[in-house]
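> Chain by chain, the residues:
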Amino acid sequence: MMMKKKQPEIDHQLHQYVSQLLSAYLDGQVNSRERYLVESHLAVCSTCRRDLEVLRQTVRLLHQLPAVVPPRPLTLRPEQIAPASPPVWRWLFGVPGLATGVVTLMCVMALASILLYNHFVRRGDGMPVALAPAMRSMAVTPAPEVTIPGGVTAEVTPTPAPAEAHDVVELPAETAVPTLVLPAPPGQADVSLVPPATPTPELAAEGISSPPPTLPATQQEGFITPPPPPQQTEAPVEARAVEETRAQRAEATVPPEPEPSPTTPPDAVAMALPPATETPAAPFAAAVKAPEGQARETVTPATPPEEVGALTEPSPTALLAAEAPAIPPATETPAAPIAAEAEVPQEQPAEPAAPTAPLQVEETAQGTPGVSVAEPTATPTRIPIPVRDLRLTIKPGLIHIEGQLPLPPGQPIMAELWREGERLTWAIPETQHGKVQEEGRFELELKAQPDHPDADLFRIEPARYELRIVPLEFEAPVEARIPFDTFPPATKQP
Amino acid sequence: MDEMEMIARAQRGDLSAFNRLVMAYQNLAYNVAYRIMGDADAAADVCQEAFLSAFKHIRALRSSSFKSWLIRIVTNMCYDHLRYQRRRPARSLEALTSSDETGEDPDHAAWLTSGDASPEDVVMSHELAAHIQRGIATLPADQRVIMVLSDVQGFSYQEIAEITGIPLGTVKSRLSRARARLREYLATRPELLPAEYRQLIHDDEEETA
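As given, the protein sequences belong to chains A and B, one line each in that order. Start counting the first sequence at 1; every next residue gets the next number (this note's numbering). Start counting the second sequence at 1; every next residue gets the next number (this note's numbering).
FYI, nobody ran anything at the bench for these hints, they're computed from the structure. Some hints could be false.
What the hints assert, rightly or not - Think about it this way: if two alpha-carbon atoms lie no more than 20 Å apart in a straight line, the pair counts; the simulated EDC-like pairs of lysine to aspartate or glutamate are: (1) B/K56 / A/E79; (2) B/K67 / B/E49; (3) A/K435 / A/E473; (4) B/K67 / B/E3; (5) B/K67 / A/E473; (6) B/K67 / B/D14.
Stated by the list, open to error - Which chain A residues face chain B? A few, computed with CB under 10 Å, are given here: (7) L21; (8) L65; (9) L76; (10) E422; (11) L424; (12) T425.
Said to hold, decoys possible - Derived list of chain B stretches under chain A, where covered just means 3 residues or more per stretch with a C-beta under 8 Å from a C-beta of chain A: (13) 4-18; (14) 45-57; (15) 141-153; (16) 171-177; (17) 192-204.
Each residue gets a CB set at the ideal place from its N, CA and C atoms; glycine is no exception.
Let the sequences and hints guide you as you build the complete structure.
Listed below in structure tokens is the structure:
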């Protein structure tokens, strides 16, 4: 076709030459001499004119190919790069941070022991720096699935409140569960269902039976404004857990350069943290969810035990918990209070109560151990609806949520991110929108606005958050609320 | 994001800084890889490896642009994977891309089409995009890489020369051949093409005949 010339007088060689130049000519990538040759030839050769046009259309089509989206975030997790980083490097970066952050003798002692410990652990398996107790326990634990909570990639899957046994929350084995404090289960509706005062298992059970999953009262109080005294004891526990995990997390995530945090470098905190009373693994357990045994017993009413078990199983918690007792270094014990101070001042009030925690822990553990369920901030205007099969994943700059809503397929929905009762402009607006699929399924992936300072919710001050899923142009003012917070999870007592 | 700052921090081993770079470039990297590989999972694997490699070697990055450097790593990884695939015919690229039935095609994923696209756009992105993607897959790897960089991603010849380490003249000639070849392929399913395009082909055939 290109060979074919309409005008016999056209130089065949020139035609060949020009046809090879058309592509570059189209892109303006020819010199002036070539341009002249091309243009003068185009003036007389209809074949080349058409070829040029086809070329232009072809390129246009290519350029119009839709952009595709990576099926998963491609950010690197600390454990992916661990083998590459020489231990020396870690040492260098850990020490200065400690120096600045640790003021007390306790801390220094703890540091020494931890450093030693870590030294061996690190050498042993090449794990990223993990100073916090839980981390250590992980290192020791045979559970291979457990990955260190990289702050960076920390993936948190919401722990279902025990009451919500039927709500399937998956705990991906690879997720860094500990970092995430679990979201409250499906909507507030449930909350209201539950008798406010008593957190007893039976209540939880009741809650369960009702379609919307209910959180044991205890849980909610633990984190939020806890009204009834019986639960108060828990608050301390949770608070501590929070600090711990936070510290761990910080540990895991801290970049070589000391974090800007003026008071205490994360690593320092981590060192100090290990709470005396709690087993190192506790935070994890908390984060993950109710230990299988308890969860089944207490929560089961609504859900067959197996289901709960299944949910919980993949999580490393059980293993961790089992191993934990062996690990706790004695030295760390005294450090807990200090850490608490340094890291999360606001939680301090809880500290004093800590001693009592053990007593209450059982209850908590049954309830929603890891999930510190914050009582959603009340917005009277919208009626809460439940979310089922909730799965929430939080990574730096990204919140992935999926589940099932009692909404018709095709219903447009929008997610709002709230922090401490204030709506945030965090996500790129388009990423907040979606549509309900078959059977009420929905999936949204909120992406933080580029360069948003709060992109990584775990790199900033811990806070209570809420995702609110609002159906747009819906006949009734409803919303689903998924509370979660970035405080470290409550711990389960050994 | 201050890219230079992030690069400097990443060079000192700061993973979170590096991940900021990843977030800034992952879509580009993935799109390049996807168009070259023609397979979503393979493309994600390639990108993950590329980012890992980039993190490990970022200290070696001196003056050149991070973007070009990164895409160079991505395309090199693509070459490696394509070679690997060729040795395993069962999972050849052709097999992955020549059938509509094979797995997930991101071009077909409804959620990828933005809400404000017109129906025509959507139709184009489904059928035609798959056709074009298959056409790209028929090209030899060296032509494919250049076509993806140039015509899909809009890199300049100069940038492509920098990324691929190929002389400018070679970039031009390979692209020219790639376009001619793709054009032939697209013409095999004229019904999928826009009317304007179809008409051109039609005229051409008439004339040739």
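> Are the hints correct? Go through all of them and say.
Hints, verified against the model:
1. For the suggested pair B/K56 and A/E79, the alpha carbons sit about 13 Å apart, so the restraint of at most 20 Å is met.
2. A distance of roughly 16 Å separates the Cα atoms of B/K67 and B/E49; the hinted pair therefore holds under the 20 Å criterion.
3. Of the pairs offered as hints, the one joining A/K435 and A/E473 holds, with about 12 Å between alpha carbons and a cut-off of 20 Å not exceeded.
4. For the suggested pair B/K67 and B/E3, the alpha carbons sit about 10 Å apart, so the restraint of at most 20 Å is met.
5. The hinted pair formed by B/K67 and A/E473 fails the criterion: a straight-line CA distance of about 42 Å is larger than 20 Å.
6. Between B/K67 and B/D14, the direct Cα distance comes to roughly 18 Å. Compliance with the 20 Å bound is thereby established for this hinted pair.
7. The beta carbon of A/L21 comes within 8 Å of a beta carbon in chain B, closer than 10 Å, and the hint placing it at the interface holds.
8. The restraint placing A/L65 at the interface with chain B holds, with a minimum CB-CB distance near 5 Å, inside the 10 Å limit.
9. Interface hint status for A/L76: upheld, as the beta-carbon distance to the closest one in chain B is roughly 6 Å, under 10 Å.
10. Restraint check, A/E422 versus chain B: the minimum CB separation of about 25 Å is more than 10 Å; hint violated.
11. For A/L424, the shortest C-beta to C-beta distance to chain B is roughly 18 Å, which exceeds 10 Å, and the interface hint is violated.
12. Hint status for A/T425 relative to chain B: violated, with the closest Cβ pair at about 18 Å, above 10 Å.
13. Given a C-beta distance limit of less than 8 Å, the hint that chain A covers the segment 4-18 of chain B holds, as 8 residues qualify and 3 suffice.
14. Figure legend: the segment 45-57 of chain B, annotated as covered by chain A; annotation consistent (6 residues with Cβ-Cβ distances under 8 Å, at least 3 required).
15. With 4 residues having a Cβ less than 8 Å from any Cβ of chain A, the segment 141-153 of chain B passes the three-residue criterion, so the hint holds.
16. Counting residues of the segment 171-177 of chain B whose beta-carbon sits less than 8 Å from any beta-carbon of chain A gives 4, enough to reach three: the coverage restraint holds.
17. For a cut-off of 8 Å, the count of residues in the segment 192-204 of chain B with a CB near a CB of chain A stands at 8, and the three-residue condition holds.
In summary, the structure is inconsistent with hints 5, 10, 11, 12 from the numbered list given earlier, while agreeing with the others.
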